[in-house]
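Whole structure, please, built from the sequences with the hints as guidance.
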Amino acid sequence: MYLPKLIARNATRHKLRTALTVLGLVIAVLAYGLLQTVVDAWYAGASAASNARLVTRSAISLTFALPLNYDYRIKGVAGVTQVARSNWFGGVYRDPKNFFAQFAVSDNYLDLYPEFIVPPAQRADYQRDRRGALVGRQLADSYGFKVGDVIPLKGTIYPGTWDFVVRGIMDGRDESTITRQMIFHWDYLNESVRKKNPRQADQVGVFVLGVDNPDNAAAISRAVDDVFKNSLAETLTETEQAFQLGFVAMSNQIIAAIRVVSYVVIVIVMAVMANAMAMSARERITEYATLKALGFGPGFLSALVFGESMIISAFGGALGMLLTPPAARFFKQAVGGVFPVFTVSHETMLMQAGCALVVGLAAAIVPAVQAARVRIVEGLRAIG
Amino acid sequence: MSAPADPPLVSIRHLAKSYQRGAQTVPVLSDISLDIAAGDFIALMGPSGSGKSTLLNLIAGIDRPDSGELLVGGVDISTLPEASLADWRAAHVGFIFQFYNLMPVLTAYENVELPLMLTRLSRAERRERVEMVLGMVNLSDRMDHYPTELSGGQQQRVAIARALITDPTLIVADEPTGDLDRASATEILAMLQRLNAGLGKTIIMVTHDAHAAEAAKSLVHLEKGELLQGEHG
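One line per chain: the protein sequences are A and B, in this order. Under this note's numbering, the first residue of the first sequence carries the number 3, and numbering increases by one thereafter. Under this note's numbering, the first residue of the second sequence carries the number 18, and numbering increases by one thereafter.
Watch out, some of these pointers could steer you wrong.
[To be verified] Pair by pair, the computed Cβ-Cβ distance ranges are: (1) A:VAL360 <-> B:ALA227: 54 to 60 Å; (2) B:GLY215 <-> A:GLU380: 46 to 52 Å; (3) A:ILE260 <-> B:GLN37: 51 to 57 Å; (4) B:ARG199 <-> A:PRO6: 40 to 46 Å.
[To be verified] Output of the computed footprint for chain A on chain B, the stretches with three or more beta carbons under 8 Å from beta carbons of chain A: (5) 25–34; (6) 72–81; (7) 132–143; (8) 148–159.
No lab work stands behind these hints, which were simulated from the structure alone. Predicted model only: the values in this text are computed from it and were never measured. C-beta: ideal position from N, C-alpha, C; glycine also.
The structure is reproduced here in structure tokens:
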């Protein structure tokens, strides 16, 4: 029973040093958790995307639209059950910093997205109103949108001021569903465009395809693209998840940098902790020599050092982990709508615990070996 | 017909020890032969660098000789492997250091109890022993105090209690009064004499203080690593 007692009392012997080491660990574990959550948030859209849906876009670039009549030809491909249309609208709500996604979609769009739950009455109201729109719950909460509100958007791709009436709120099926977007009628957009610039009408940003069997997604994608091979507007069809990952890939270097920084933070605190443990061990050489003279073995001395290191890292790590979720909530509020999903995952918490464990173990290795190997005569002489 | 004499508790024959200082070998003890009887109280004296502390360390099993024979209680401790030597020390040697060497994070009671953690004694048995030994050194009322809350003399008495707690064969004391004022030193020496006379403990004490050496039954003088003379007080 003396070992835990000695470990605990040694850990609190230099209160300021221990407090500063714990503080360093808290900050490092917290920073690691937040940075990993930023990375997770980056992938959140792709994670929430489905492999059972396909997206067909222009093979040249996403900025090139596809002809409306592709709709019928895609429907004819074996395995395709539904085809919905979606155009990126890119409107500005009052100020450019109020960014959120707006899509003009065909009426069957929601049939392909069962993760969006809209009360039947609201959906019916939406279907009836040409200028009607549905907004996601997260978006509605952010801006206080309610059913009946008018949302004025200044068009950037489609010039002019566009007024949409909120006819319903889309809830997510679960926490992973991002509901920070607004959808409205593709037909309304198309008719309005036709009036102003007929040549821009009947253009579709992407087609969203439902398939009968997700296992055949690759074959169906190839079949769709084969239909338009050697045409003026060749297509690229991929799963929705691959489509989303394509966006994430554009930020790969940033994500890699964030990951590297998160690990560098851990390495730095490991060095700080190792230094603190080395200082403690060096100061206690005489005590280790005395314990050895009394008959305690090298294992006992190593356990003293490892135990102290682990107790400090466990305390700092636990505190850091406890603070991460509230810090993440604060961070999410501070950055506004940049990260619709910013939740600390269980994997991140486990990694934080793992980092604290590794820091505790790694920091104690050298001092523990020194303590175990201390020569009694030299250790006793060290008292001066 | 006379009864055969008791074998000495410590038997040293042709003991040598040197230290390596860089490429240079510095001899510390050369060809030391000495017998110490059980129940003796011996003072090892000599100037600084004479090798008295080294000899004490060798007898206590915390250092190893280069050559020679070193028997304590019939056991050649110079040949014991490290783990066995640690067990032997725990069972047979009580240490008293100049600077007490108490664990600052443990109370007087816990410091004295510390060596018993290597035994199979129950908590109650340990408590009984610790209270008895702390009573012997007149510290029953200080058992919950930490070393920093005790005077130098009191700390050394805790160290003596710690040395006694396992009822060792041998007590080794390296300058036990070196850090104490005159009154405390006299008190500690009187206590060591009582342990030797009353409990029959064999005590080997290193000192360069003639006053402290007077408390011992025998004196051994070392100079430049050689035994000069042995005399009985």
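Cross-check of the supplied hints:
Between A:VAL360 and B:ALA227 the CB atoms are about 58 Å apart, so this pair conforms to the stated range of 54 to 60 Å. Here the CB-CB span from B:GLY215 to A:GLU380 is close to 35 Å, at odds with the stated 46 to 52 Å. For A:ILE260 and B:GLN37, the Cβ-Cβ distance of about 53 Å falls inside the hinted range of 51 to 57 Å, so the restraint holds. In this structure the hint that B:ARG199 and A:PRO6 lie 40 to 46 Å apart at CB holds, the actual value being about 42 Å.
Taking a C-beta to C-beta cut-off of 8 Å, the segment 25–34 of chain B contributes 0 residues in contact with chain A, too few for the three needed, and the coverage statement is violated. Counting residues of the segment 72–81 of chain B whose C-beta lies closer than 8 Å to any C-beta of chain A gives 4; at least three are required, and the coverage claim holds. Residue count for the segment 132–143 of chain B with a Cβ under 8 Å from a Cβ of chain A: 3. That meets the three needed, and the coverage hint holds. Note: the segment 148–159 of chain B has 0 residues with beta-carbon separation from chain A under 8 Å; the three-residue rule is not met and the coverage is violated.
Hint compliance for this structure: hints 2, 5, 8 are broken, all remaining hints hold.
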